[in-house]
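Residue numbers (the working numbering), protein chains in the order written: chain A, 177 to 823; chain B, -7 to 238.
These are computed hints drawn from the structure, not numbers from a lab. Quantities reported herein were computed from a predicted structural model and do not represent experimental measurements. It is possible that some hints are incorrect.
[As the list claims (entries may be wrong)] Ranges between beta-carbon positions, derived for each pair:
| no. | chain 1 | residue 1 | chain 2 | residue 2 | range |
| --- | --- | --- | --- | --- | --- |
| 1 | A | 720 | B | 99 | 39 to 47 Å |
| 2 | A | 538 | B | 218 | 54 to 62 Å |
| 3 | B | 18 | A | 490 | 23 to 31 Å |
| 4 | A | 536 | B | 71 | 40 to 48 Å |
| 5 | A | 673 | B | 99 | 23 to 31 Å |
| 6 | B | 18 | A | 242 | 56 to 64 Å |
| 7 | A | 713 | B | 218 | 35 to 43 Å |
Even for Gly, the Cβ is constructed at its ideal location relative to N, Cα and C.
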Amino acid sequence: MDFSDYRVGEPVADTKAPDGPVADRWDRRRFEAKLVNPANRRKHTVIVVGTGLAGGSAGATLAEQGYHVVQFCFQDSPRRAHSIAAQGGINAAKNYRNDGDSVHRLFYDTVKGGDFRARESNVHRLAEVSVQIIDQCVAQGVPFAREYGGLLDTRSFGGVQVSRTFYARGQTGQQLLLGAYQALSRQIDAGNVELHARTEMLDLIVVDGRARGIVARDLVSGEISVHLGDAVVLATGGYGNVFYLSTNAKGSNATAIWRAHRKGAYFANPCFTQIHPTCIPRSGEHQSKLTLMSESLRNDGRIWVPKAAGDTRAPADIPEDERDYYLERIYPAFGNLVPRDIASRAAKNVCDEGRGVGPGGQGVYLDFADAIARMGRAAVEEKYGNLFEMYERITAEDPYSRPMRIYPAVHYTMGGLWVDYDLQTTVPGLFAIGEANFSDHGANRLGASALMQGLADGYFVLPATINDYLARGPHDPVPAAHPAVQDAVSGVEERLGRLLAVGGDRTPDSFHRELGELMWDECGMARTESGLRKALERIPALRDEFWRRVKVPGTGEEFNQSLEKANRVADFLELAELMCLDALHRAESCGGHFREESQTPDGEALRDDERFSYAAAWEFTAAGAAPVLHKEELVFEYVHPTQRSYA
Amino acid sequence: MNLTLRIWRQHSPEDKGAMVTYRVEDISPDMSFLEMLDVLNEELILSGEEPVAFDHDCREGICGACGVVINGQAHGPERTTACQLHMRSFKDGDTIDVEPWRAAAFPVVRDLVVDRSAFDRVIQAGGYVSVPTGSAPEAHATAVPKESADYAFEHAECIGCGACVAACPNGSAMLFTSAKINHLNVLPQGAPERETRVLNMVAAMDGQGFGGCTNTGECATACPKGIPLPSIAAMNREYLRALRKR
């Protein structure tokens, strides 16, 4: 049977969100959720995988509440999780600007920005919690940008008309992550968190249908170990690295969530990928990753290309009337601050017309000349200095005197493990938070909302919902000799042994690059039925070749970065297939998912709410075998789906 | 560009280790230093040798994972991280020495990878504000002068890469430790723990085997984030102040 011959199974529903007015649901859920007596909390062990914004904040908060937390990161320190690279800011409905913002408006903007493919209850909760996040982070000493009066400064991001984004120069993710890391460090010192750095989760342990632990590998010694507990929280981030070139860190990977998927957790909307419009274009074949230039730059930078195709003059030589500020022209209301999916597609369109700039015509200008004339160079430097410096370092071009060249790149994945309102997956006792889940951004995430969601999940949501699961014990101890534990361990050992035994003639990276190119071409910014079918044919063949030809030097009992890499690529090679199938089955365009067959006459994404107003939750059957599709119907009571308009 | 690399190879912490010479060819000046090492590693794997182990992750200069000594300088000739150092900083035909951070508190794990967990333990000793989730007052309850916020930010930029320790002839972690102390101690939110923070973090720093400071200033010269040298003097002031108050 072909992988694309999937079966439609029973619908899946979120049974945890209370009904009633959307603004009351979170209060009600918190009240109805069972609690664990403070004295009993230390008897519960919670395993947290990942130490980014979601994992770091969750680990610290659960430990503060009194739970025994066992936490893992593959990096050498929890401070290095990839949340650290987030630049622009974090949204919150504080309305400090008195510009008409409110919890309801943030809720509305997020549902609309996600192109009506997110769950209203979750998004409303996110907007409510956003204000507490800022309070918490300020109290931790996060050095947000401030006005001369000593109050917090904000700026605007794409897809909104208010100024609700709090920031710390171009390093907001770093500062928020360090806040969470420091809170976690305090709990490590207090003995409430047992941290395992340089340790990677390689499988989930499911006992009697419940998540009870993980199998992990010590990346220094190679030792395989078992960690058991009462619940497992995955905070392992997104899977954008399936494309090889992305703005994700080199180590970011899908192994934890993919292993959980193989053990029964449904994977929702895997094809919902965010292509960020403002990244530095690639410079050659050697490129190992792409670097983002923060969306905040679109506050002051103007995007343009020459009006005429094939115009190779230097940007300064192109007179004003021969430039096309295409975002301002097509979307006058939002201008350069349209949502990411729209800005990316517009860039692709002008480049496809032959009007792109720079090597290979794969770029558009982001020009600060007007901003420098208006605000002065010093003010621009104060706001964006570190970004300009990074740009110059990478490209050897000075963005103060010559417009930046930018091009879209894979940045974030809205899809992830399906979770209910409590952030619990379809495997009881397994929770997924932050980018690892699918919950809040629908088909397109608004800028500065990833930090908001990661911290909302970790500081406020999970710590309030996981009690309900833990209180509904008993969670009898699992003996290490339990067959489910032993099976998981032998599965991991067998797989690593196989990778080491192939002894082929291609490096893990060469497979990763090939997969990435295929995914970018067929499952990237624009997708077609024929392209996706081609990818679905090619991926199994590539996977087969991988297991025949990969070469992994060294052994499993030592520090072996090639083995780590190969193991992650093996999982990307399975996940990629599911992404393409999801993209193929969703024969509509929505948000970041653009099917060429489904567009309006002016080339905008055309949704098909009649057929596709659902989240697609996929159930794993066997490697390479057709999965089962479970649909979660989306109900819109407050924000009624319309054709998104930013004109 | 064609280059000769002399790279420190050390199989394990117990191994003695040695410099090994490699050649790389057709290196583009637009490559980052780590992309150049990628090229070497791909070749090594195909020829059946074990690739050179090095830490790296974001490759944007912010995670602090990467860091090697290049021609005797931490992170190499430019003031940035190794991942943001580009090959245009070198010339065709150059010989480049690549070594791990060398410091007593950072034992070598393998090749260019060192164990920097001592930094985490310094932070665990007091590099935080004790504010459990949920207990925070409204963010605007306390105004923070812009100068203080900017000063805090300047120090909070530290990425914990360890270049300061590697560059210091004494293997001292004064710049790293002072960066966190200055970040938190200048803010009203950090004030209640101002004294205990500096005393505990300095004690932890000394306990981790870092050397003392002799004001050579190499740390601040090597710091890719530009943490200023006076940061150390400010920490010493905080330390003396805390001792006096005790």
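Pairwise beta carbon distance, residue 713 (chain A) to residue 218 (chain B), judged against the given window 35 to 43 Å: Once the Cβ atoms are compared, 52 Å apart, the range 35 to 43 Å for residue 218 (chain B) and residue 713 (chain A) is violated.
39 to 47 Å as the expected CB spacing between residue 99 (chain B) and residue 720 (chain A), which holds or is violated: Roughly 42 Å apart at Cβ, these two residues keep to the hinted range, so it holds.
Outcome of range test on Cβ distance (residue 18 (chain B), residue 490 (chain A); 23 to 31 Å): Hint holds: Cβ distance 29 Å, inside 23 to 31 Å.
Distance restraint hint 56 to 64 Å, applied to the beta-carbon atoms of residue 18 (chain B) and residue 242 (chain A): Taking Cβ atoms as reference, residue 18 (chain B) and residue 242 (chain A) lie about 59 Å apart, which means the hint holds.
Assessment of proposed distance window 23 to 31 Å (beta carbons of residue 673 (chain A), residue 99 (chain B)): Cβ of residue 673 (chain A) to Cβ of residue 99 (chain B): about 30 Å, so the range 23 to 31 Å holds.
Satisfaction of the hinted span 40 to 48 Å by the C-beta atoms belonging to residue 536 (chain A) and residue 71 (chain B): violated (31 Å)
Range hint compliance [Cβ, residue 538 (chain A) to residue 218 (chain B), 54 to 62 Å]: Hint violated: Cβ distance 33 Å, outside 54 to 62 Å.
Consistency with the previously given hints fails for numbers 2, 4, 7, ordered from lowest to highest.
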